Amino acid sequence: MFSSPTPAPGSRAIASNALRSAGLIDRDATMRDLTDKPGGRKASSKIRSHRPRLLDMKELRDPRLRGSSSAQAGPSDPLTIRGAARVKLRKSLPGAAGPGVAPRVKTKFKAVELWKEVVQKRWNPETQFLNLESLIDDELIKKHNLAPPGRGGDARDAAVIFKIASQLKPKVQTLSLADNNLQGAHLQFLSHYLPELVNLSLQNNNIRNIKDLDWLASRRGRLQHLRELILLGNPLQQQGMQLENGEKYRRDITTRFLSLEVLDQVAIAQIAFDRPGPSSTPAERPSATTFPCEMGPSFVTGVDGSIVSNFLVRFFNALDTHRSALIDAYDPNATFSFSANTTIAARARVQGFHTSMPNQTKLTWRDWLGKGSRNLARINSDFDRALKSLHIGAEDAVKALVALPATKHDISGPPEKFCLDSFPVVHGQGMGLLLTVHGQFTEIGTGGIRSFDRSFILMPAPEGSRAKLNGWDVVIVSDQWTVRVYSSHEAWKPGPMLVQALSREEQEARNAATTTAPQPSQPLPLPFDPQAALASMPEPQRNLVMQVCQRTGLNVRFSIDCLAGNGWGLDRAIANFEQVKATLSRDAFL
Amino acid sequence: MTASMAAVAPAVVKLTPSDVEIATRAADHFTRIYYSTYDSNTRLNDLPQFYRPSSSLVWNGKPFQGASGLRELMEKMPVTKHEVQSFDCHPIPGTSPPSLLVSVSGSVTHGRGPAGNPTNTTSRNPEGHPRVFSQTFMLVPDAAAPASKPGEVAKYYVSADALRFVG
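Those protein sequences? They're chains S and E, same order as listed. Letter by letter, the first sequence follows residues 0 to 589 of numbering that gives the first Met the number 0. Letter by letter, the second sequence follows residues 0 to 166 of numbering that gives the first Met the number 0.
To be clear, the hints were calculated from the coordinates, so they are not data collected in a lab. Just so you know, these numbers come straight off a predicted model, no measurement behind them. Every residue gets a Cβ at the ideal spot worked out from N, C-alpha and C, and that includes glycine. Careful, some of the hints might be misleading.
To be verified - Here are some chain E residues the structure puts well away from chain S; computed CB gaps all over 10 Å:
1) 36
2) 52
3) 65
4) 67
To be verified - Computed spacing ranges between beta-carbons, pair by pair:
5) S:291 <-> E:117: 35 to 45 Å
6) S:492 <-> E:118: 20 to 30 Å
7) E:145 <-> S:166: 49 to 59 Å
Stated by the list, open to error - In silico lysine-lysine, DSS-like type, Cα no more than 27 Å apart, as pairs:
8) S:370 <-> E:75
9) S:247 <-> E:80
10) S:170 <-> E:148
11) E:80 <-> S:492
12) S:370 <-> S:407
13) S:387 <-> S:416
14) S:492 <-> E:13
This is chain S alone, in the form it adopts within the complex (with noise of 0.2 Å):
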């Protein structure tokens, strides 16, 4: 459905482009043997981690912290990393072999201030270019024999010189490390140092293993304006591109790169997004105390509040007792699937729910995270549980549902344990409806209770088929079911909230303000209508209700949530109503 991914011809790619209009490359560097440079994979090597460790980013950042290469290179350290004191030469400097701190320091020195200069010789500032290209070939390095990293040079000698270009003015948004040999973690600083960075070529290096990208991947918070990777000639792209036609190698790129468009020069095919630059207008902090409106009651608009209750009853009781009734309220090419959000809600931590509600603790989410929840925030970097936890199709998603644990919705309890929001979508040639419910339900199993979120896209049910025939005024065309941690349905009260706590005083003011002045009672989030509801049943439902409304005095509402909560069994219904009808209330009844 949506058009493959056609790099228009003759348009070239973002880095490229800017590697040719920079006029420093060499773009004649061929490959280089990867085995006669001795010392290069050795050194980077030492570093098998895949992730920066914490205390190297620290003490980049800390100089209380830093270790004792610095102590020794004293207060005129020209760079603040540690471990620069150990930037390699690939040689003995004539002077800089003797014992004791001094030489040290001054071949320290020496080897940062090289490598200012050939940054800034390789350095193009009108197309923010940083062509870094080869370096073992440069004059200066060789004059020299300096180390460039995957040369003999590690991942701290790298760090020195992404610093070095962090420095650069204006900002460097192409950086090409195409032909050093280098490896994953001589990248690990490089988004640390150069995080706006647009277009990167790391062509021509020894990178083998995806894991090395989690070092730069968008993912994870890093480099999130990347808008062009060239990984050509690494062991990564040769091997992924030898599988699949390339297609999980790119995808492995691409769920780590949420910002790229062109990998390897073909573009991806992608959504867009009217996204703010890297470095927008700067504005001013938001200064509100207090939110723009109040907490309001449930909001439909646009369509018959009925049919949406109907629905929702309807939908819940099938959920509860007949899971597999609600075949014919899905459309053939429905989407489903549900999510846990195991996070404990910092409120309800506060109110210590979890301790103070009697079966909480009983509540696990095995049952939930095995039967293939799709939290894309959990499983995005691994596509094939992203496809497999979308359920499309009625089948599918009944199938899904059945074998999740029960449930019971209490739909005709305290109605201000629901709420719901519901505005009409335009979907394709007609109009939808976008429903959103939010409540709690209890668990059969254990007892324990949890909260959810469900989001559904409604249209209305087409003549003859299979959901208007089963007396479904809308069928649901998708259906997105959040299961979260129980929170209390306060969250939605209607009325003022707070962005931070009263003090005591204007507590104690607004508690008497309040019982001088009794608050209106809040509406009802779910309207129920009797007649629309017995309107939208099949007709041996409809003639159920009407039986038991007969036998037992109960109103429509009761009696279908007594029959619903009985499988709909006539007897087993009226059974349970003779059980319990002492402890019904009057507004039960007719």
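Got chain S sorted already, so can you dock chain E onto it with the hints?
The following block gives chain E in isolation, referenced to the frame of chain S:
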């Protein structure tokens, strides 16, 4: 990835794995840039860029219309800090390229959080602590903004946005 632009017929179009892949990546990207923009000091100018005049928004039960309605809402919004804890995204069957249904669940801190409460606030008082938010977006292709770059399927914007504080 299969070329399917040929099948523009509005009739039933089957969703392909490639549709799901593109939608999933778009939602990941969208949620990141949307909430980082929301939490930034430039939100007043930048956040409305995700919307169009026809967009419908409902913020905690209060309707707002279009990018200008959002701007009006944001003008009076305290400082926020969002943390996305879960999100999901479906290509909605029925149109090509498909519209997207994105639902997000997470926490949002307003103002200064617990640190901004009066000093005599009791430890059991939930006010000032982060709230749970649930936000649902419908993202649709902008027919008026044709693809401008190679590979770009379309430019999408927020056509519907429903938010509630839910904890």
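Exercise. Among the hints numbered above, which are violated by the structure, and what are their numbers in rising order?
Worked result: Those not satisfied are hints 1, 5, 7, 8, 9, 13 and 14.
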